[in-house]
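S.K.: Sequence:
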Amino acid sequence: MDPPTPAGLNSLKASRRALKGKVTRLAGNFITIKKDLIDEEDPSVLEMALEDYTTAFAKYDAAADAVEAHPLAEPVDLDNDVIRILNTLRLDQLLTRGFRKDYDAQQVQAAAPAQANPPQAQALPANGNVNDHAPRFNAKRPPTLEQDIDVRKFAGWTPHWDNYYYLAKLNSQPQRTQVAAFWECCSPGFLKTIVHSIGIRHDTARPVEDIIEAIRMHLRSLRNPHIDMKDLLSVTQQPGQKYTSLKNNFLQLAEYAEAQDVTYDRLMIGLLLKAISNGEDKEKLVTQNHSTFDNAMTYLIGLETARETSKALTNPSKTAGIKEINATRSNYSHNKTNKPYKAPSANNDKQCKWCGKSPHNRKECPADGKECSKCKKIGHFASVCQSSKSRNRFSEIKPLNSVLVLHMGSSNSSRHHLNVNVSAKERNGTTVSATIKSRPDSGADISVIGLRNFNEANFGNLTMDPPLRDKIAAVDGSRIHQVGTFKADITVDGRHTKTTVVICSGISGFFIGLEDCKALDILSKHFPHPPPKTRTLFNVQTKKQESYTEIGLIAHLA
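Residues in the sequence shown are numbered from 1 upward in steps of one, following UniProt numbering.
What the hints contain is simulated information worked out from the structure, not anything from laboratory work.
Heads up, the beta-carbon is just placed ideally off N, CA and C, and yes, glycines get one too.
All clues stand as given, with none of them false.
Heads up, simulated BS3-like pairs for lysine-lysine below, C-alpha to C-alpha not over 30 Å straight-line:
no.	residue 1	residue 2
1	Lys487	Lys525
2	Lys101	Lys192
3	Lys471	Lys374
4	Lys370	Lys498
5	Lys376	Lys525
6	Lys353	Lys370
Across the chosen pairs, the derived CB separations fall in these ranges:
no.	residue 1	residue 2	range
7	Val286	Arg90	22 to 28 Å
8	Val286	Asn29	28 to 34 Å
9	Lys35	Asp150	20 to 26 Å
10	Gln109	Asp150	33 to 39 Å
11	Lys22	Gly279	37 to 43 Å
12	Val235	Ser11	40 to 46 Å
13	Pro75	Lys22	23 to 29 Å
Sequences and hints are given; from them, build the entire structure.
M.R.: Listed below in structure tokens is the structure:
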């Protein structure tokens with residue numbers, strides 16, 4: 001026997017998918033015929049449609065079992081719609097049997113000759129009670145079934161009906177009497193639901209047991225099973241509650257949740273509903289009634305993203321404190337007390353940002369041309385230095401509460417692009433390289449590539465590293481989603497640097513961040529400050545800097 005393979009599993013899943021499509025089509029055909037069926041019409045056509053529907057489901061069910069039995073099958077490979085379709089089929093079978101009984105009863109009644117002499121009423125004894133010898137019972141009619149009743153309340157109602165059925169000795173009465181007694185327990189609104197939504201006529205020939213079962217299955221189909229699963233998973237023993245009572249709660253909720261047919265996705269979605277604290281998101285998720293856990297999570301993430309984006313767009317003041325260049329970084333690694341980040345004080349506007357003294361002309365600044373003892377850059381003192389200590393770009397782990405802001409412009413001029421060579425190593429040590437058209441982005445603290453560009457550069461088979469712990473936002477405050485990162489060696493005209501490139505969805509192109517631009521000598525290492533004065537009449541670095549600062553991709557840090 002050949003060993004199981006992923007190809008074999010995919011073949012079984014394809015077969016199951018095709019059979020499921022056929023079941024869906026035949027179920028739709030059955031519904032159409034049922035809607036067009038006239039009360040007095042022979043239901044033979046409906047019965048034939050049901051037979052085709054049932055046969056197709058049997059094949060689909062067998063295909064689903066084959067996938068589940070495959071050794072390589074994972075929970076995500078299973079089809080969670082089998083139980084739902086089976087319950088719908090059972091209800092359709094029950095309704096079809098009812099249509100047949102109604103039609104046959106009409107035919108018998110139409111063929112029966114009218115009775116010339118109707119039976120005389122039995123003379124009553126002197127005391128007026130023909131069954132005076134029988135025990136007397138006070139058969140209290142069950143509560144009225146209202147139009148808004150759900151499957152749980154209906155399940156609690158049926159024991160009252162069973163008692164009434166027994167005490168009133170309805171089992172000895174004709175079918176019409178039993179059904180009439182049941183109709184007496186239904187409100188006018190609920191009777192309309194039975195006639196128009198379930199398809200049971202007032203003069204039906206169906207047994208009352210079939211009517212009750214059809215109602216139960218109809219109400220069950222209207223309730224979200226994930227809610228019942230969440231309630232089952234949320235059971236806790238109340239103060240003073242006996243274990244017998246706790247057991248009854250478990251069994252009752254397990255029946256509501258159909259725990260005997262629970263699947264991985266139903267269990268996970270139930271746990272998810274139990275865990276969600278946002279009531280609005282929980283309500284929206286319930287209305288969607290997703291069949292898989294992955295779909296439910298994708299929907300929730302979409303809600304969260306839309307909410308954050310809307311908040312950023314409608315409340316720009318909350319992002320005003322984020323500098324337009326680089327990240328607004330917390331001092332987490334330098335502040336052991338973990339105090340929350342505070343925006344720069346307004347007093348900063350009253351001091352020189354290069355030397356820290358009172359404001360004055362830039363040419364008169366004592367820091368002009370001086371080297372910073374902290375970052376070794378020219379043009380400012382260490383007391384106002386904004387740079388962090390030298391760090392290894394590969395081993396850096398940024399604090400969770402930092403935000404990177406990208407100022408990607410819309411300029412498509414070819415002179416603003418550079419063809420760079422990007423190489424990366426796979427896990428097995430193989431080096432993959434590609435030439436990519438890039439754009440220097442002097443306002444970004446990181447280098448970023450769009451997901452589509454990453455795949456088109458033949459990097460799609462690389463094993464991505466986890467995303468950065470930073471949040472990345474565009475200049476308008478909208479969130480940019482990270483897919484992952486990879487370590488790359490970027491080369492331009494023989495100059496190269498090793499860096500971590502962030503892969504993002506929703507953007508197009510490859511943008512080289514400020515630090516990488518400096519490392520590749522695309523921009524002066526002194527940028528955004530002027531380079532130190534030299535005796536050279538023509539400064540190549542200055543010219544190069546001017547070439548790329550014209551782009552206007554980012555509002556430079558003043």
